[in-house]
Structures are given as structure tokens and as C-alpha cells.
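J.: Residues per chain are reported as follows:
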Amino acid sequence: MNIADPLLSLRDLKSYLRTPRGLVRAVDGVTLDLAAGRTLGLVGESGCGKSVLARSILGLLPDAILQKAGGEIRFGGRDLRRSTEAELRKVRGREIAMIFQDPMTSLNPVLKVGPQIEQALRLHLGLRRTEARERAVDLLDQVGIPAARQRAVSYPHELSGGMRQRVMIAIALACDPKLLIADEPTTALDVTVQAQILDLLQEQQARRGMALILITHNLGVVAGMADEVAVMYAGRIVEHGPTAALLADPRMPYTAALLRSAPRLSDPPHTRLEAITGRPPVLVDPPAGCRFAPRCARSREDCRREPPEIEEAGTGRRFACWHPLELAHA
Amino acid sequence: MTLSVAERERIKVVGPRRRWGDLLVALPAAWLGVAVLAAVFAPLLPIPDPFRQALLRTLQPPSAVHLLGTDALGRDVFARSVLGLRVSLVVGIGSVVFGLGIGGTLGLVAGYFRGRTDLWISAVMTVILSFPPLVLAIAIMSYAGPSLALVIVALGILFVPAFARIARANTLSLAEREFVLAARAMGMRDLGILMQEVLPNLVAPLIAYSMLMVAVAIIGEAALSFLGLSVPPPQPTLGGMIAAERANLLEAPWAVFGPALFLFLTILSLNVAGDQVQRRLDQREAAL
Amino acid sequence: MRDEVRPAHLRGDRADIVLSVHNLTKTFGTPSGAQVQAVAGVSFDIAAGETLGLVGESGCGKTTVGRALIHLPPPSSGEVVLEGRPMSGLSAAELRALRPRLQMVFQDPISSLNPKHSIADIVEAPLVVLGGIDRRRRQEQVREMLTAVGLDPDIVWNRRPHELSGGQCQRVSIARALILRPRLLICDEPVSSLDVSVQAQILNLLEDAKQRFGLTMLFVAHDLAVVKNISDRVAVMYLGRICEIAPSAQLYGRAAHPYTAALLASVPDPAPQAKRRIGRAIEGEIPSPLDPPSGCRFRTRCPKAAPVCAADEPVLRPIGPDHFVACHFPNL
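Residue numbers (my numbering), protein chains in the order written: chain P, 11 to 340; chain B, 112 to 399; chain U, 4 to 335.
Hint data in this document are derived by calculation from the structure and do not stem from the laboratory. Source: prediction; values computed, not measured. Even glycine gets a Cβ: it sits at the ideal position worked out from N, Cα and C. Any given hint might turn out to be false.
Computed beta-carbon distance windows for the label pairs [claimed, not checked]:
hint, chain 1, residue 1, chain 2, residue 2, range
1, B, L240, U, A96, 33 to 43 Å
2, U, D157, P, L70, 40 to 50 Å
3, U, A51, P, E321, 50 to 60 Å
4, B, D301, P, L70, 55 to 65 Å
5, P, P30, B, L379, 22 to 32 Å
6, P, L70, U, H165, 21 to 31 Å
7, U, A95, B, P243, 42 to 52 Å
8, U, D155, P, R99, 46 to 56 Å
9, B, I249, U, A95, 40 to 50 Å
10, U, F31, P, L70, 32 to 42 Å
11, P, D15, B, L379, 57 to 67 Å
12, B, I249, U, V131, 49 to 59 Å
Coverage of chain P stretches by chain U, computed from C-beta distances (three or more under 8 Å per stretch; other residues unrestricted) [to be verified]:
hint, stretch
13, 197-211
14, 224-232
15, 283-290
16, 328-334
The task is simple: from the sequences and hints, build the whole structure.
T.: Laid out in C-alpha cells, this is it:
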């Protein structure tokens, strides 16, 4: 494998969902590269397809629901889209791990947390029971759980939300994955605990040199964590670039509007917020042109006719817009 | 700030992947419709008199005149089955309405007020549940003698705890919802909240469950009449017909399988349709 | 008698106080028989036209305070005075008569609307309960109020809640709360389940409604930036108590309580000039309310904790104009 090759590479990925309302184009042509050890912040509002994208990478959506409408998922020289379930099982947890929003529902409520970590270790690394037990305690310790040895025999419900998320992280880290996908890992947590968990993720990532895809709706979280940010809207990536540049100088109007609509601590009280009117399109029958056009203040005739492709715009930035915002800080 | 009409209209999309499911509703519904109509208009149907005995033409095989042949007394099996189905449906629906009315109300009250009320109601339900159901029904029937009203009540009592449980569980979760809190915050009284806020949300799950329970009640009635503990003769019942003719099973299978077929189709239809209704409700819930 | 213990931060001298809460407590029994004090002696007041933000992490008791104010369920002890009338000791009928004066908007916009009712019926319901208004007048008012919250009555009139988006449902909720023209509106996390772009619409709507209908507001939320945006004054709660209360700009500019400071430091900010700001501000998590720490409740996580913090519980005391903090070692 060439060194310049990205760790993960998505090519025109399309994942459609079969629902009673029709075929939902949840992920509709996503192209993205992620280099080893980097952090990508995947940002978007609910229903934009960011979670479906993450689950598609690991092949976690059942065939009864998912229609693979095309594209490639290249990871470590394979195309995961075309891998069998058996091949995927070897990748999941071992090379790509995932943590979810709600640590209560992603942990098995009737098993103690230690054995849940041991499961992963024995399954993927073939460790013996005693070895696995030691490693599990060690992992719990690494993710900042005090008195790890005692905690290993606790049930999930005996732990706080923050502690449960730490356990989830320990399970995810158990096999030293090359890529960790974190789907809204701190959304259910309090802000002080969120800071602790993000800190932990950052620390573990630096230590293990793994890549991280951090899925969130919170631009603030991304600002402090990610090397690069991809903004999703209605099943597509509409803007992608280095975090600082993208946040300081959004080119796609949706990114700009998203940044302006969130209240900020630095603004004085009663600052009028710039809300985005309307709501995202229903992805059963998305608009023909740019999917943001119906809500966009800059949209013109051509936006509604032809969808803009995402294109390189120099200095590692890409965006999909016919009438982008000018660079203010150039 | 207001959204455009076009944006709102886009919400409404109906998928095409329904055909198989539609058939699964249409066929049972058709049978149940025919069965109910036949039961209601039985006396007007152009079928032979179900009570007329013809001792010279006993155990005749099915023919153009006697669609399902005749029984040991020469009576028309088809006509008797239609009449038996009438009893089945009356008992099935009647006992479920009885159980739904009493059990549903008790469950609603228990789930909404909780505490002591709930404790008492649940205790009584547990006691009823701990009787073996058919034994309880048999006990009631043999004590008071067979009659249609009594069959309905005997089976209905058995359904009270089941409906109470479902109503209670649904009410418990509904009462937690904020719209109930909102109703209280606007000063609505408990009775108003129960009737206007909670009850409309209970209708759908209880209806779906009722369809399944009608099937159970029909089986229960058939069992009772098989034991001679249902509506007294000469009124035909499906269970009674099977019991009477089973001695001639080898000679004249139609006399047993005729009423059995009626039973089978009705119960299957109720179960399939009930399942489908339940599934659609679940889907709708999930979409909310 | 009560005046002797009236805390310093209550502005008893002002004539325009709409709501005054004094030493409110709420105790819940657990299945195991233990008693949990979810709210442990909270006092505050809100003047006419003011928005008080009540902010804190989960388990701090902020939602319980909001619910106790509308007596669902009523507080265990303490005094709630609405427009000069004490609410404790009122009969059910008297309480019902008072309900139109204070209304509430809930967190979950979908769950707070009955899925079986039409939007028009939902907004009309408070008028029906109130009684004495004929149907035509009621429907006129519903139409007016739906328009006021940015919905087109002709479109939503017969719709059910599940046919609307979360943001639209929250507008319906606000219309229902406002149709009785309440004096005080309690908002319990009204935007926390909404997307950012929709959240901005609702926050703007609440600001507009406040001006238009002359509302006084209690805004309960966990998001510090949201609370800052909408509030004139902010009270920070921790484990059932208020640890700091001050005008918004003051509180966010010069947080005196170590907990307030920690909260603010934990908020991730997308401002481009902010460098990598994420870092754990404080260790640990909120202790169990079953067994709160002695003395200052925050001391187990506080970087400034000293022996006196375990011995003496600090009370709210003034450290600036309208700025009160319950801490032995405030950041000044």
C-alpha cells in the first residue's frame, strides 16, 4: 500500500433506505478521503444522513432496510461495500470500531461491564480468559474509570452516563482499531462530562494514532476536536475543508447559516439569531437542483435547475454551490 | 417565518410497497364480512331449513342441494354451520365487548390514578388470572345452566384481566407523556383528561388486541359447546355439531369438517387481520 | 416572621414582582423508601417583563422547580407567590382558576401534543376548559394565535401533530400556552430537542411573543449559550440549590462561583478565533442527590475546596449589584 493512500476512501457512496413512505435517499453520492490518524468532524442536522453514512461504512444496516445504490468504501485495500458479512465481521470492532450516542442502549444491561470488554478481546484477538480479564481492567483504567478493578464487576445501570460512555470507548479501543467512528458520543451527556469525554477521545487518539470520524450536530465540538470538517445536508456533503478555515470562512451558504443560527457565549444577551427558514427536504423526493436552494437566501434560478457538484477549491477545501460566499479572511 | 405550502405538501408521501400486506388484510376481511352478513341474514338466505330432520336422507355426501352434506339426523350441515357461526360470532364479539368494557375501564383507571387504586384493581385481576380459564367458565356454566347470555358473561370475565392489563400499561406510558401534563396545567379535570386525552390513544391498541381476542373467544365457545355447556340444543353451535357427529367421522367426514372449516377460516382470518392491524399501528407509532 | 429569613437576593422592595419563590423544596420518595431532595431550598423572584434563566446540568432540580411552580406536582414546602397571591393552601378549584395566569411550554414538542387531536383542537382546548366563550369567538382566537406563532391556520387547522415537524409542533405548544394570555410563561427546555436552525426560529419567536404579549418568563435549560441569549437574569443550579444568580452579562462575563466558571469553560465554542478550547474543566460527575455532600454541595468537584466548605454550607450573598453567589471563595 502506498503511504499517500488514504485509510478510508468513499467514492460516490449511495445508501438508500426502504421505508413505508418510499425509498429515502439518506446518503446520495458521498465522496470522501480520510488519512490515517486524522480527525474528521461530520456535521449536520438530524436527518441529513450522517448516521446512515457511518453505519454504511461498517455495513451495519440490514439488507431489509438498506438498498446499496452504488459507490465504493475502500478501507485497507478492500471494498467494504462488496465484502461478505464474514469479512465485515473481521473488520468491525477490530479495525473499525464505533461508539453511539446512547451508552445505555449500546451496552448489554444484563452483563457486567468487564465481561463485555472481554468479549471483544476474546472474539477478535483470541485472548484467554485470564489474559482478557487483565486487559479489560487495564482498558477501563486507561479510559479514566476510577477503581477499574472494582468497576469491572458493575452492571451498566450502576454507572453514570459519563462512565457508561467511557466503558463504550474502552470496548471500542479494545482491539486498537485504525479508525474509530463516534456517532454523537456526547449528545446525551452534560456539558462538563462532555468536555471530559471529548478530552479522553482526543488523548486516546493521539496515543494510538487512530483516525477518528466524529459525527455531531454541534459545531463547537467539531471546532475543538477535528482536523477537517465535512458538512452534510440532505444526504450529500456540501462543504469540506480544514476546520479553522472552514469555520472562519464558510463558502457554502448552508455552513454559514448553520454557524450564524446557533447562539454563542461570546454574544451579548438578546442577540437576534439568524434562523434558517423552512426545513430540510424529505429525501424520498428531493428537489431537482441544489437541495438547499429552497431555504437559501442566495439561491437563483440556476440553483433550482441543476445540482452543483462538490468541487475542489484549493487549499484542501471543497464545496458544492453555484453562488458561493466570497473568502472574507483571504 | 411561515413555511411555504410546497414544503408542507412534500411531507405526504405514500410508498407503493403495500400489495402483499393489502392482500393479507383484504382476504380475511372478505371472509369476516361474508361470515357476519351470513350470520345476520341467515334466516333470509336461500338455504335449506337447518332444523328440518330427514331421517331417510342421513349422512348424505355434499351435493348441489346440501353443499356440505347432511348429518346423522339428515339436517343440512351447511345451513347449520351458518347458524352455528352466528352463535360463535355473537359470543365472540359479545364476550370481548364485555371484557373490553369492564377490563378497559379498570385498566384506564388503574393506570391513570396509580397508587392504591392500581394496587386493588391489579390484585383482583391477578386473582381472576390465577383460575384456569376454561375451568372457571365450566364452573360458571354448570352452576347456572347453559344460556347465550351466560356464555358471553362467562367468557367475558376471562377477558377482563387481559384488557385491563393492556389498558393499564398503555395508560401508564400515556400519562407520562407531556400532553397529559399540559392538559393538567391548563386546568382540565381528571375525567376530562381520561376521556379526551388518554382514551383516544387507547382505542387503536385495544381494537387490534380485540380482534385476536374474538378468535380466542370463538375457540372458547366451541370448546364449551363441545362439552355441551354452551347454548342449549336444538340451536346449533359449531362445537356442538362437531361433538355430535364425531362418532360418524369415518362415514361422513363432512358433518365434522364442515363446521370445523367454518371455525378454522374465521379464526385464521381474525388472527391474520388482527396481526396486520397491529403491525400497521406499530409502523404508525414508529413514524410519530 | 418570614421577612426575617428572606434571602438578600429577593427584591421584596420592588412593586413589579410577578413571581416570588421562597425556600422551595421538593422531596421524592424512592421505591427503596429513601427520600431524595430534588430541590433543597430555592428562592428567586421574577419582575414584570423579565426573563429569568434557570440553568444547570441534569439532576440539578431545574425541571422540578418549573413543575413545582405549576403545582404538578406541588412543592413539598416553601412559598410560591404569583402576582401577590400565595399559591400554597389553595383548593383545587382556586388553583384551577389561577392556572390561566401561568402556562408552560414543554421540552418534547411531539410528546406534549396529543397525537389524536387536530392542531386547532389542541390550541382551542385551554379556552374550552376555561369556559364561557362561544365557539366562534374561540376559533377566531385560535386563528389569531396560530398566525401569531408563525403558522398558517388554513394549512395546519386539521392536521395532526405527527404531520408537522418538531419546530412546528413547538410553535403549536407555544400557541396553546399563550392563548389564555398568561402573565408568566414557564419554558422547560423548549428548544433542546430541536436542530440548531429550528432552535433559532423558536428562540426568536419566544422573544417576539414576549414583547407582543407582555410576558414574564422563566426559561429552564441546560444549554448555557441558549440561556444567555434569551435571559435578562440567570440562576445557576447545582444539586438542588442555586449557587449563583446575576444579570446575564454579569454572570457570563464574571462568573464568581467555581461551578459557573467550570460550566462556561466546558462549552465548546465554534468561534474561529477560539483555539482548541476543549479540556476537562472539572473532574467527576454530579453526586447522588440521595446522599449530598455536607456543607457546600459542589465541594467534591471544586478546585478551591477547603475544610470550611465541608463544614459550612455557603448562602447566597451579594458580591456586586444584583450579583449573588453561594461560595466561600468566589472568583472576584
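J.: All hints are to be evaluated individually against the structure, with a verdict given for each.
T.: Hints versus structure:
no.: 1; hint: L240(B) / A96(U): 33 to 43 Å; verdict: 40 Å, holds
no.: 2; hint: D157(U) / L70(P): 40 to 50 Å; verdict: 44 Å, holds
no.: 3; hint: A51(U) / E321(P): 50 to 60 Å; verdict: 55 Å, holds
no.: 4; hint: D301(B) / L70(P): 55 to 65 Å; verdict: 46 Å, violated
no.: 5; hint: P30(P) / L379(B): 22 to 32 Å; verdict: 25 Å, holds
no.: 6; hint: L70(P) / H165(U): 21 to 31 Å; verdict: 27 Å, holds
no.: 7; hint: A95(U) / P243(B): 42 to 52 Å; verdict: 45 Å, holds
no.: 8; hint: D155(U) / R99(P): 46 to 56 Å; verdict: 52 Å, holds
no.: 9; hint: I249(B) / A95(U): 40 to 50 Å; verdict: 49 Å, holds
no.: 10; hint: F31(U) / L70(P): 32 to 42 Å; verdict: 39 Å, holds
no.: 11; hint: D15(P) / L379(B): 57 to 67 Å; verdict: 60 Å, holds
no.: 12; hint: I249(B) / V131(U): 49 to 59 Å; verdict: 50 Å, holds
no.: 13; hint: 197-211; verdict: holds (count 9)
no.: 14; hint: 224-232; verdict: holds (count 6)
no.: 15; hint: 283-290; verdict: holds (count 6)
no.: 16; hint: 328-334; verdict: violated (count 0)
Of the numbered hints listed earlier, those contradicted by the structure are 4, 16.
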